[in-house]
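Visitor: Chain by chain, the residues:
Protein chains: 2
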Amino acid sequence: MSGWVVIAGLGPGAEALVTPEVRDALAEATDVVGYIPYVARVAERPGLTLHPSDNRVEIDRSRHALEMAAEGKRVVVVSSGDPGVFAMAAAVFEAVEAGPPAWRDLDIRVLPGITAMLAAAARAGAPLGHDFCAINLSDNLKPWALIEKRLRLAVEADFAMAFYNPRSKSRPEGFEKTLDILKDACGDNRPMIFARAVSTADEVIRVVPLQETTPEMADMRTMVLVGSSSTRVIERAGAPIVYTPRSVPE
Amino acid sequence: MSGWVVIAGLGPGAEALVTPEVRDALAEATDVVGYIPYVARVAERPGLTLHPSDNRVEIDRSRHALEMAAEGKRVVVVSSGDPGVFAMAAAVFEAVEAGPPAWRDLDIRVLPGITAMLAAAARAGAPLGHDFCAINLSDNLKPWALIEKRLRLAVEADFAMAFYNPRSKSRPEGFEKTLDILKDACGDNRPMIFARAVSTADEVIRVVPLQETTPEMADMRTMVLVGSSSTRVIERAGAPIVYTPRSVPE
Numbered sequence: 223m224s225g226w227v228v229i230a231g232l233g234p235g236a237e238a239l240v241t242p243e244v245r246d247a248l249a250e251a252t253d254v255v256g257y258i259p260y261v262a263r264v265a266e267r268p269g270l271t272l273h274p275s276d277n278r279v280e281i282d283r284s285r286h287a288l289e290m291a292a293e294g295k296r297v298v299v300v301s302s303g304d305p306g307v308f309a310m311a312a313a314v315f316e317a318v319e320a321g322p323p324a325w326r327d328l329d330i331r332v333l334p335g336i337t338a339m340l341a342a343a344a345r346a347g348a349p350l351g352h353d354f355c356a357i358n359l360s361d362n363l364k365p366w367a368l369i370e371k372r373l374r375l376a377v378e379a380d381f382a383m384a385f386y387n388p389r390s391k392s393r394p395e396g397f398e399k400t401l402d403i404l405k406d407a408c409g410d411n412r413p414m415i416f417a418r419a420v421s422t423a424d425e426v427i428r429v430v431p432l433q434e435t436t437p438e439m440a441d442m443r444t445m446v447l448v449g450s451s452s453t454r455v456i457e458r459a460g461a462p463i464v465y466t467p468r469s470v471p472e
Numbered sequence: 223m224s225g226w227v228v229i230a231g232l233g234p235g236a237e238a239l240v241t242p243e244v245r246d247a248l249a250e251a252t253d254v255v256g257y258i259p260y261v262a263r264v265a266e267r268p269g270l271t272l273h274p275s276d277n278r279v280e281i282d283r284s285r286h287a288l289e290m291a292a293e294g295k296r297v298v299v300v301s302s303g304d305p306g307v308f309a310m311a312a313a314v315f316e317a318v319e320a321g322p323p324a325w326r327d328l329d330i331r332v333l334p335g336i337t338a339m340l341a342a343a344a345r346a347g348a349p350l351g352h353d354f355c356a357i358n359l360s361d362n363l364k365p366w367a368l369i370e371k372r373l374r375l376a377v378e379a380d381f382a383m384a385f386y387n388p389r390s391k392s393r394p395e396g397f398e399k400t401l402d403i404l405k406d407a408c409g410d411n412r413p414m415i416f417a418r419a420v421s422t423a424d425e426v427i428r429v430v431p432l433q434e435t436t437p438e439m440a441d442m443r444t445m446v447l448v449g450s451s452s453t454r455v456i457e458r459a460g461a462p463i464v465y466t467p468r469s470v471p472e
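Chains as they are written, first to last, in my numbering: chain A, 223 to 472; chain B, 223 to 472.
If we strip away everything but chain A, and leave its shape as in the complex, we get:
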């Protein structure tokens, strides 16, 4: 039996958002590796070894997965959301490129998942219904100046925006700066969406006009969406609907 690595997206949290393809891969696996809270979402069973590891050891975890596959094991690397969006797929391929040549011939597949921005958008309406961009606001792996440049160009392009990793305890100032940049560059009061723990029991969705936003509205479990200049809010008895029309007039 030859080994493989599957890099699988578990979606934002709810079991009902895990694809059958991912469910099947987990059923065939001998080993599962990933960040502790994501591995905790995989049911234990005989013949399956779980290898939870801490945050910020993505390359070590990737090497471990590739080594096990080279030994003939069937390894699933689990990510939250989609593995290709600010998650484990890029880390595994970094490890492949830097590793022994034989790793390139391994059977490695990426199985997509429901990424947080699309789960959050669905809860709010259709804020990403027109052209949009996705930016990781963490400056752990890139200079802050690049984030600021991208924010200003995204506003100029009039993209709706989705922010991953908006704010953590160790870097609370980045999101404050982000809001200052947006308030200045947008110059309007377009809707922002703070979607915390989407599809879990802790889910909270807030729609807040840009000029009224404050940094503490986000934490590491929050997905933040920003409308474009044409994004609309439909008020009603329940939660408002936020959507970006499909068309932009001449």
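Heads up, some of the hints might be wrong.
Identical copies look the same in the list; a pair holds intra-copy or inter-copy alike.
Stated by the list, open to error - Derived DSS-like pairs: lysine-lysine, alpha-carbon spacing no greater than 30 Å straight-line:
(1) 399 to 371
(2) 295 to 391
(3) 391 to 371
In case anyone wonders, no lab produced these hints; they're calculated from the structure.
Remember, it's a predicted structure, so these values are computed and weren't measured experimentally.
Take the given structure of chain A and dock chain B to it, following the hints.
Guide: Just chain B now, kept in the frame of chain A:
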């Protein structure tokens, strides 16, 4: 029994990429509306009426769905991919906003799906593993000048890019112009990915250096991805792996 509207994403094509949540909604529906090829993916059964309709009648279709829900029916509006990404969710909310006030009180939910860009990215490796944008290249609903502006700003921001609806028989020139803009603005030979009919029996994935791309590499069933300046290609015996590293050095 009170009616509802669910706007559901069927994913890119394979049944194994349809979420259980969407499967359950279809099982409870009395009526399904959508573009002909997407409705054709829903199995017929007693008690379910299928309402396939042609392309470019999204608002009529949305009104029909809302009218049926107001009459107490359980209506699923099906989209390919994710309904919030260049698909039916924005159209339904446009109809809600322009329609009778009572429509705002209907039970309307959006169920996310695997969108084409993430399915395509997964097949190629992790080309969207860093900041990226999604642009609909059709100028049916927006001026071409806006598309060109967004393309140039996206290159300046060094986003990876995903293009929906790159090319159709009725407007073959837009994608040719897009490639000319990219070749000029990028000034390098970064990888592009042409992913046709992802997850179906017709799937074809091609990785082509930007300067060697030609317009006929895309059609309306093709998802086109463009790397950022740091996107890498891992050559190997099989199909190459394309990925964008997670980090950008200072």
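Visitor: Within, between, both or neither: how does the pair residue 295, residue 391 come out at a Cα-Cα threshold of 30 Å?
Guide: Answer is neither: 37 Å inside a copy and 47 Å across each miss the 30 Å cutoff.
Visitor: With 30 Å as the alpha-carbon cut-off, assign the pair residue 391 and residue 371 to within, between, both or neither.
Guide: within (23 Å within a copy, 37 Å between copies)
Visitor: Is it within a copy, between copies, both, or neither that the alpha carbon of residue 399 lies no farther than 30 Å from that of residue 371?
Guide: Both. Shortest intra-copy (12 Å) and inter-copy (26 Å) distances satisfy the 30 Å Cα cut-off.
The structure fails to meet hint 2 from the earlier list, while all remaining hints are met.
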